[in-house]
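Engineer: In case you want the letters, here they are:
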Amino acid sequence: MRQLTRATLSFALTMGVGIGLAAANAAETASDEETFTIGMKNLLPPALFDDNLVVTVGQPQAEAKPQPITFPHGRHVTTLGMDCNYCHSNARKGVHAGVPATSVCMGCHALIDTTDRPELVKLKDYWDKGEVIPWEKVHDLPDYVYFSHKRHAIAGLDCQECHGQVQDMTVNQRVSSLKMGWCLDCHAQHPSIDENYGTKAELRRAELKDCWTCHK
Amino acid sequence: MAEFNRRDFLKAGAVATTATAAACSYDYVVPQEKVLPYVVNPENVQPGLANYYASLCNGCATACGLVARNKDGRVVGVEGNPDHPSGPGLCTRGHFDLVATYSPDRVAGPTDRTATLSWDDAQKRVADAITAAIAAGKSVAWLGRYRSGSVAALLDVAAARGMRRVNWELLGVDGLLAAAQSAYGVNELPVYELEGAKTIVSFGHDFLHTAFGSMAMAKGWAKAKDPSHDGFVTRLVAVEPRLGQSSSQADHWFAAKPGTESFAALAIARLCADANGYSGPAAALLAAVDVAAYATSCGIDESKLKQIAEWLAAGSSVVLPGGPTTDGGGGLDVATLLCNEVLGNIGKSVQFGRGSRPGHISAFAEVKALLDDAAAGKVGVLLLDGLDIVHLAPADLDVAAALAKCDLVVQLANEPDDSSGANTLLLPTGSGLEQWSDASTEAALHVLGQPAMVPIKDSRGLGDVLLSVVKALPAPPAVIETATVALSPPTPDLDGMAGSAASFADFLKARWLTLVKPADADAAGWWREVQAKGVVATKPTVTSPAWIGALPSDAPASAPDGGDYALVLFASHLADGRWANVPWAQELPDPISTYFWTTWAEISPATAQRLGLAEKDLVKITTGQGSIEVGWFGSPAVAEGTVAVVVGNGKKTGKYAKGRGANPLKLLSGTLTLSASSATLTRVVGDSGVHALVGNMNQDGRNVAVNVNVEDAIKNLVGAAGSIVPIHHLPTDPRVEAAGPVDMYPEPQHPTYRFAMTIDANACNGCGACQIACAVENNTPFVGPDQLRKGRTMSWIRMDRFFEGKGENPDIRYLPVMCQHCAHAPCEGVCPVLATYHNLDGLNAMIYNRCVGTRYCANNCPYTARRFNYHSWEWPESYHLMLNPDLSTREMGVMEKCTFCVQRIRSAKDLHRDVAFAEREVGKPVNMRQNEVPDAELRKLTACAAACPTDAIVFGNWNDDKSTVVKKGTTPRAYTLFGELNTKSAVHYVARVNHNQPANVAHHGGGHGEDHGGAKPDADKGTHGADAHGAAHEEG
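Top line first, the protein sequences correspond to chains B and A. Here my numbering is used: the first residue of the first sequence is 1, the next is one more, and so on. Here my numbering is used: the first residue of the second sequence is 1, the next is one more, and so on.
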């Protein structure tokens, strides 16, 4: 019953908001030559980005998932002062930031005592057996989404903008919704666009609103 | 309040529907996935980024180079290697080979058909069987397809150690080789250079498709046909009973009585000699040629033969040999070489001395002798390499029984086929993309095939298996002599090399370092370079051997007797049947009939009428060997009295091959000659199930695939103004005409790119490489014959085929049609949910997630370019490994279409943005202009453009005036499809040039003199004004 009410409400809201904004955008286009429009009209009714309407991945903020090894991000980043890129070395180079190969862990941990440290024993076991560590995915985008990690990292975004204060976390936890509206909020107004594209920023913003920027 | 029009109503309604669905399924849970990093990251592998490996195409014996794209451990795409002489571009077979790699039928490991064995056990069984056979005085024999390079060298070693070796192919070159041997005393094939030929006469050679070396010939043909290349347009004359994919490009068609083509060729040779006063060594032979009598024998009017000779003698020329539908071996190939001899083509357009041959070549007689011996119990171990000999052999050879008499049949194949019997040991030798291999089909051409991924099954490379066979054979009695091709360095001790090699990769490398490496090169550095480039090609040497041959002694077969019709067989996409278990190959419509997934017979419409055939009827074809019942196609490209049947189907084994069509090879006897058997035809009432994917035989008077006249084309080259393309006009209301062009939509903005494509219909021969490359790149499923018959093809490119001529002027036109990415796209306006729209790059975007499947867009598309998913198609294990991870698969209820390979565009832009950001790091300013992808990279960006063997498809940025796509797309021959609809499409076609086409326009005169020979054809009465129509379709 609660869902039904919600659906009815959304319908009403969408009708009103969608039409109103479409009209407003059309007026804006006519008056401002620097505005780029995709296709015939300003196509994406912002109402569609309402968190309640877009079906993507789960809840806005997820529970921490139990991992095969309780990896303490805080100790590595805050206590030891390691850079994110040391382990996630593809973050600025690849489509996927990637989870480091076990060999990267062992680069240090081969020299670190495992006595009374069960999590390190687990790591050593995986390494000795040559088994892959089956991490649970925390940031999972739908398969129809193209997301290039390097594009965002090179553009000057901080890791924390999307991933939260990982340096304070033990097991990593998703703090952003990763929904389409959340993505587009940044694509519409992130300051790095102006920094990187200067006079072409408006064009870049228009491009970033194109469905084909992310949908594949 | 804003105006609330129908469009907004629909939009809002759709949003509301989405809202309801979304709200109700808010708790939808995405399955939890895992991240599985490497334990140790392999060198140079980065998840999500592709690696490229130069390798060898194993689709046929030609030895083209390819570049395999490995993404996340699996090869998901192949393209031609631009460093290879016949690259870039890759024909259908290279793509089929990739698909076959992931076949669901691939066996898990070595198997004796009851259990899977370990490789050690399996190879021990082979070695033991070889030892036992030799002890028992039986022979060890190899029966396989053509192999060159190191595998051929190992076969030489094995042959020297006593193994009987037969390399044969159904669509082989043994006849042509025998002709070259008898005519010129050379042990190699002629290389036909078509690029400079003003006249090409083909006697059935499938030179653009299934023939050995077709990639290079297709490129040469396209250049010869391009008026801007050398100021002429080649004239192609076909002398054969059935026009196939290659000869469908002919300007003139003369059908000799099947089996009598060599009479025509000899008469033409005599006429040419008379015309140019040939006085070479073959002159004496020609005196015996009685032109009038031969003309009567072959059924081609003497005046026509004179006309052909006149064309040939007038300038540079090539006479191509016989092919499947004309028996090349029966004297025809010698006769065609004689034509080239008298025309002075030897050493010019017909080249010897290059050492062209795909390794050891056997005639079918050797196959028959081997099988006869096997039937007599004289063969102990028979190794079958890639030949489904039970399927291929004629009816009067009981091959299955002969194979059963062998002690052990070792089948070197990835999946069982009709030749797999109870005594078969199946050793999966993997795909060419999974193993080391090499090929050398010319003395100066060596292609390296390096593995591009680890095998997906427990397979071992062909070379490794062969090496173990060699080691099981007794040591050689004497030093062996190899040199199937003329190799300049001294022939090394291959036997010793093979004996000491631990693996085939070692043997191959040792052989390359000995034979191919220049003496002064550093071995390690040179080998790295070879691996990077994949090919070592040096300038070939060409010699001009003297004619030593005689006239063909065997009189050409007279018109067939016993039956009413001459039976000729031809090959289409399935070739000799090796691709029958590749569903995408089965689904690729035949270029002529556009049939699929079956066997069919092509007969002339008059024959069909005489037999009283109804559309769905079958036709029963009976010869002395038996009969088959197949569907029929009434083709204007088949001579009266001839029935042409496609080979390749009729297999009994294979998930996709089993039970499709019938095997016409079983209609043949003894010598397995594909042409000119005789057959009787009878009508069988029933439902044949054949269906043409392209329903129209011709254009119904519209001008979709446009022809222009040769003189017009030559005088209106790149840079000339105006249009010479007559545009078909829809009947319109005079009031509309008076109002002039009216745009319903505002002009879209294209601030950076306007992606566009130019398709040169003059260079397109309908080969289908673009279609299969598109399917592989874009995860396009196969749908099967039942769905295809309902018109539910999912291929994003449709190959239109129109028969516009008749008789001697066949005028068969092809036109690849995909989404035209219109600036004013009719599909966009009718989408109620904005799932399709025009983006800033000029692409007509299609967002699958938004699509609700109304199909309004497909209904409103004038090009029929959109495809609807009636089902959620499946990629059975292991085809799913081939899926391109760069784009999604689509599910039921969603519309899809060509995206101009948006994932490739995205990737290219991404790399250039990386460059721009890297420059910023060192202090340079970054702006959008720096991110533009240059024309050189865009030109072959899409999968279809990359695959096109003849460079007919070019991609690029229409905003960039210097780009190839603009240069080619704005010539006077260029036009847009249905330009009169003002869709402002981004795909530009370049009209075909045909020697029979009447002039469309008054000649402009300027620029060129009037020295382009030949009488000017009569001006068409309905001449169109060029300028008026040029303006009408010009891009805004």
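Incorrect hints may have been included.
As the list claims (entries may be wrong) - Covered by chain A, according to a simulated footprint, are these stretches of chain B (three or more residues, beta-carbon under 8 Å):
id: 1; region: 75-87
id: 2; region: 122-133
Claimed, not checked - Label pairs and their calculated CB-CB ranges:
id: 3; chain 1: B; residue 1: Val121; chain 2: A; residue 2: Ala537; range: 54 to 62 Å
id: 4; chain 1: B; residue 1: Asp116; chain 2: A; residue 2: Val915; range: 33 to 41 Å
id: 5; chain 1: A; residue 1: Val915; chain 2: B; residue 2: Lys122; range: 41 to 49 Å
Hint data in this document are derived by calculation from the structure and do not stem from the laboratory. Beta carbons: idealized from backbone N, C-alpha and C, even for Gly.
Engineer: For every hint, state whether the structure bears it out.
Structural biologist: So, going through the hints one by one against the coordinates:
1. 75-87: violated (count 0)
2. 122-133: holds (count 6)
3. B:Val121 <-> A:Ala537: 54 to 62 Å: holds (58 Å)
4. B:Asp116 <-> A:Val915: 33 to 41 Å: Violated: the Cβ-Cβ distance is about 51 Å, outside 33 to 41 Å.
5. A:Val915 <-> B:Lys122: 41 to 49 Å: Given about 42 Å between the Cβ atoms, the range holds.
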